[in-house]
Each structure stands twice: as C-alpha cells, then as structure tokens.
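*Asks:* Listed below are the residues making up each chain.
Protein chains: 2
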Amino acid sequence: MNNTGKGQSFRTGTVDMTHGGGGRAMAVLIKDLFYRHLKNPVLDQAHDAAVFDIPPGRLVISTDAHVVSPLFFPGGDIGSLSVHGTLNDVAMAGAQPVSLTASFILEEGFPLADLERIVMSMAQASSQAGVPVVSGDTKVVEKGKGDGVFITTTGVGVLPEGVAISPGAAQAGQVVLLSGPIGDHGVAILSKRENLEFETEIRSDSAALHGLVENMISAVPDISVLRDPTRGGLATALNEIAHASGVGFVLQEKEIPVRPDVRAACELLGLDPLYVANEGKLICICEAADATRLLDIAHAHPLGREAARIGEVVEDGDRMVVMQTDFGGARVVDWLSGEQLPRIC
Amino acid sequence: MNNTGKGQSFRTGTVDMTHGGGGRAMAVLIKDLFYRHLKNPVLDQAHDAAVFDIPPGRLVISTDAHVVSPLFFPGGDIGSLSVHGTLNDVAMAGAQPVSLTASFILEEGFPLADLERIVMSMAQASSQAGVPVVSGDTKVVEKGKGDGVFITTTGVGVLPEGVAISPGAAQAGQVVLLSGPIGDHGVAILSKRENLEFETEIRSDSAALHGLVENMISAVPDISVLRDPTRGGLATALNEIAHASGVGFVLQEKEIPVRPDVRAACELLGLDPLYVANEGKLICICEAADATRLLDIAHAHPLGREAARIGEVVEDGDRMVVMQTDFGGARVVDWLSGEQLPRIC
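Protein chains in written order, with UniProt numbering: chain A, 1 to 345; chain B, 1 to 345.
Bound-form chain A, shown alone:
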C-alpha cells in the first residue's frame, strides 16, 4: 500500500506486517481507513489517548474482546457486534455510554476490503448508537497466529445519581422480565458456521440496548438487576445472578419467548435455547409492582416489543434456577459445565 494507490489497495490488497510496524504504512492505514470511517472530533485529535468532557456522575467502564467466527453473519458482523456488545455491558450497569475505544489485532493476509467493510459497519453501529469511537489501536500478527481480525472494544459511561443496579441486588419476591425472544444470535452464528439453510434466514439480534435501558430507568430508577444474556445464554446469566444475590429463580417455560424457527434450529443442532447467546436482549429484575409499567415501556420500544415476565425470584440457599415446564413438571437449569458454542462473540 502506498499514498497514491490506496483506493486500489483497499479493493485488492491485504494486511501485511508493515501495517503494524509503526511506520508510514500504518499511518496511512489509520488515516485512510479508521479515521475516515470513524470520524469524530475527539478521534481527530490524533493523540494516542482521547480527551473529552463527561457529564457528572460515577463512571462505568467495560471491555470485551470479540473473536466471533465467522466474521460476517446474518444480522451483523464483528464490527457492529463489537460496538453493541460493549455498549450493552455499560448499559447493564444502568449507565448511559458516552464513548468507545477499539483495538484491532489483524492477521497478515487479511483482505483490506473486508477490514474496511468491518470498520464501516462499526462506524454505522457507533453512529446509530450515538456513541463515538474516540481512540484506537492496530496490531498485526503473522499469518497463522491470528484469525482474520479480533476486536477489543472498551466503553465508558456515566451512571445517573440514585441508580444502584447490580447482579447482587435480586431479592426474593421480585420478578424476572426478559426483553424478547432468546437464541437468535447463537443460532445465526452457528447456522452460518455449519452452512445450514433454513426456510427463513435466522438473523442475529445484535443491537445496542442503552436506549431501552434509559427509558426503563427513567420510569423505575430502582430496578435491581439488568443483565444481557450473552455467552452461556439466559441460563448462565440467571445462575450468575442467583450466585451473586444468594437467591433462587423459578421460571415459567411457557412465558420464555423463542421464535419457532430458532426453536426448530436448536432442535436440529441439539442446542437448548436457554444456553444460546443473545446480543440484543436484556433480563430485568424488579419489584413485582413495577413489572407492568416496565413491560409497557419495553413494548413501546423497538427492541422490547416482545418483552415478557418469565419468572420470579425465590428464597433458596442453594441458589438454584428451576423451570416449570410446559408439561407441568420442573427441571433444574444448571450452569453449563462444558463447551457449547465457542467464539460466539
């Protein structure tokens, strides 16, 4: 790649070791690809660090490495996913995200056109979410020492006064809300990975949830727990909350929304939707008296239209998650002990 032929290079070129060497090739890549698409006033400062004002409040920070395979999947790609995933982690603390950073680990030989597509998708997700990417970093590793591209994003947000959402705050008698059907992201990834064809394409639910969270917290500032059921799915998220809060859960299977095509795909793939990753859903644990109000708010938001009350928090020294099944029985929804879906996010 050189200064004169960059357009050509981005169509046909590949990442080489010079793109990570700290010299001119890296400077051109950063300027003509990252800065061009992710343009914003803070990034344009071109420091190694970004400087910006934040509104008053406690600070929230979260980081996530993204190693999803394949890089492109129905409903998104590693670029949009790396924005949504980290914004959601910030939002699940009850905070409104204000900025993102992004670090790229590129494998030698990776097509620059694919990289540009990923950066453009990241820019679009960032723009839609209203949260700029203010600082970044690029490293290159030799062919066979990486897998195309890995992206770590870190999000910073500000927590409004009075909000104290925590995985350890669930109490017996409270209820569990879920913002929509589960399993879409994991099934979309796995279908693509295994080259499975279904009648309708199953798309990832990857989306940024902080707008929905803002509406919910404005109405009910004392929500106890918010959690996005990503890796390990709804089952793992609830087990983590049960563990942190010292409570149990009783879920109603018939209330847990799963799209019919996702359910069918899970049966085919031998997966339990409760353990399949989501990237645009949230669990909310709140007082029973607030449930209807919060569901009304969720139903009015594009990302919460199918929100449902799926169970309740109970006293349980053993911190078990139990599900009342459609057939009138009950089963324990345990931690996932082995591998289910690697590289799902």
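Everything labelled a hint here was simulated from the structure, so no lab data went into it.
From the three backbone atoms N, C-alpha and C, an ideal C-beta is built for every residue, glycine too.
Worth double-checking, as some hints may not be accurate.
[As the list claims (entries may be wrong)] Only part of the chain A face toward chain B is listed, based on derived beta-carbon distances under 10 angstroms: (1) 18; (2) 21; (3) 24; (4) 47; (5) 51; (6) 101; (7) 104; (8) 154; (9) 167; (10) 248; (11) 250.
The hints should help you fit chain B onto chain A, whose structure is shown.
*Replies:* Showing chain B alone in chain A's frame:
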C-alpha cells in the same frame, strides 16, 4: 479444570475451549486466577462493567492491543508491558491514570501456569503503578488461531485543569528533551527472539511513566508535547509530532543517549536505534526557558536519571526531522517506510 483440583490444574493444565464458553470452567478461571491476583474493591463487584468515582476533570482514555513475541523477555512480559504501555499513553496526554481494563484472547493449549505468571506480573505492575484493573474479559480461540495470549488494556485518566498537552502543540524555538537512553525494549525483545547472547543481558525499559509526568507537569504545567517513543522509536514519534504541529526538528546525535551494549547489539542486528521501540521513555517538548528545570526534575526521578536535551523545534514547511551527526554532517531522519520490528509490543 474443576473446583477441587484447581491448584493442580494451574500447574499442569492448559487453556481449553470451555474456558471461553461462558459456563462453569470460565467462571472458575476468572475467579481463581484473574480475580485472585488482580483483587481490588471495584473488580470484586463482579459486574460485566466496573463502577467507580473519579475526581473532577476532563477524561482521558487510551487503548492498546499487546501481541508481543516472545511473551516473556528480559525486563518484563506481556502482562507488565500491557499495563505500562497503556498507562503511558494516558500519561502522555498529561493525565494521571485512575483505572485499567484488560481483555485476554487465549489460544487453546496455552499453559495455565504461564497465564498465571502473566496475570501475576500484570497485578504487580498495576499495584506498583497504583492503578487497579477494574474490569476484564476472556475469550478462547482454537489452537492455531491465536498465539498464546494477546492482551488489550484500556486506561482511563483524569486531566488536570489548565493542562493542554498535544502532539500538535510544538512550536519553533522550543526544545526537545528525552528522559533516557533509547532502544532497550526493542533490542531486549529481538535478542530473545533471535536467541542472541550478549556479555550483559539487555533488559526492556518497560515502566510506567505517570509518576515522572506528574512531577514534570506540577513544575511546568504548560509543557507543549509529551510522547512515548514506542513502535517506530524516537524517529517515528518525532515525525508524527512534526506532522501534527507543522514544524521541523533539528536533533544533535551526540546528545541522544544510547547504552553502549544497545548500540553494539543494534550494529550486529542491522538496526538504527532511532527506530527501535522503547517502553519506558518519554519525549518532552517545552519552552527553552523551562528545559533546565524539567531536566532537574527528571534527573531526580528513577526513570529520568539520564534525561537529556537532544534538539530543538524549527520552522520547516516540509516538517522534516534532521539530525546533526557526530561527524559534523546532517541527515534526514525519515518515516520508517517498511517493516522493522513486528510484534514488539
């Protein structure tokens, strides 16, 4: 790995895909390795996001992926390096770092004992720097899709009122200070990589510079530019500043400190020390009238004992970095155009 045999597993075990799957194996790894060594009140909240108060001021954030090879080298390892590198980026904006996040991409089969050694080194560097790791993430990729471990750290800091340090702020007539001898880090890495033996072991200079920066800024708040000459070395950092500020530089070769063993190794390896990475040095550009005071402050700090005034900022529409050589001539210190030292940080 299981709950009962963790001590044994950390001595003899390796990373497997379940450590990234979101289930129990991952929870145990996070609790018994990451949380145990990096323990601090914010991390103990066990959110996906960390929540903490910060002092008033503008926020500074910086992120860096670390892919250094080999993972362990004289004077440090990827764990300590990933702490120092990001703290330094925050400090070079003139800010004092307050917290770090860390995301790990682990390759299947990587020895858990090595991972523990890296996390312990990270914990020590974080503790010595007085900046806690408040949030993290772990992903696992299949054998052959990574290279042991990659670590992305993100640092957050607070910028004191009145400080406006920027790579674009250098002005003709100002002077260039350098905090100590150059090339140690790059030569230490390359010596280890190439299995070279020298009479004395050359150690990386990897260190956290925010303490030195704090002392310098307290004395001279209107320093114009701070920059750590990492990838691409002193030459690249000065070219970037020249470009951002629209100025030129004239350096005095005889004033630029290089350890004799580093100089000898560079000759053997065919490297120019000006282009070799450092991880514990800083460039400071300031008014000539402040130079002596800043050098005195640097000399009184363990990381600035060999600080020197190495050149000056000049008017130059072509933004060139020129060096007056020991022999009375002059040469242009250009951008590095190709690959020199990949995976140096």
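*Asks:* Taking the hints in turn, state whether each one holds.
*Replies:* Hint check results:
no. : hint : verdict
1   : 18   : 5 angstroms, holds
2   : 21   : 5 angstroms, holds
3   : 24   : 4 angstroms, holds
4   : 47   : 6 angstroms, holds
5   : 51   : 5 angstroms, holds
6   : 101  : 4 angstroms, holds
7   : 104  : 7 angstroms, holds
8   : 154  : 4 angstroms, holds
9   : 167  : 6 angstroms, holds
10  : 248  : 18 angstroms, violated
11  : 250  : 22 angstroms, violated
Hint compliance for this structure: hints 10 and 11 are not met, and every other hint is.
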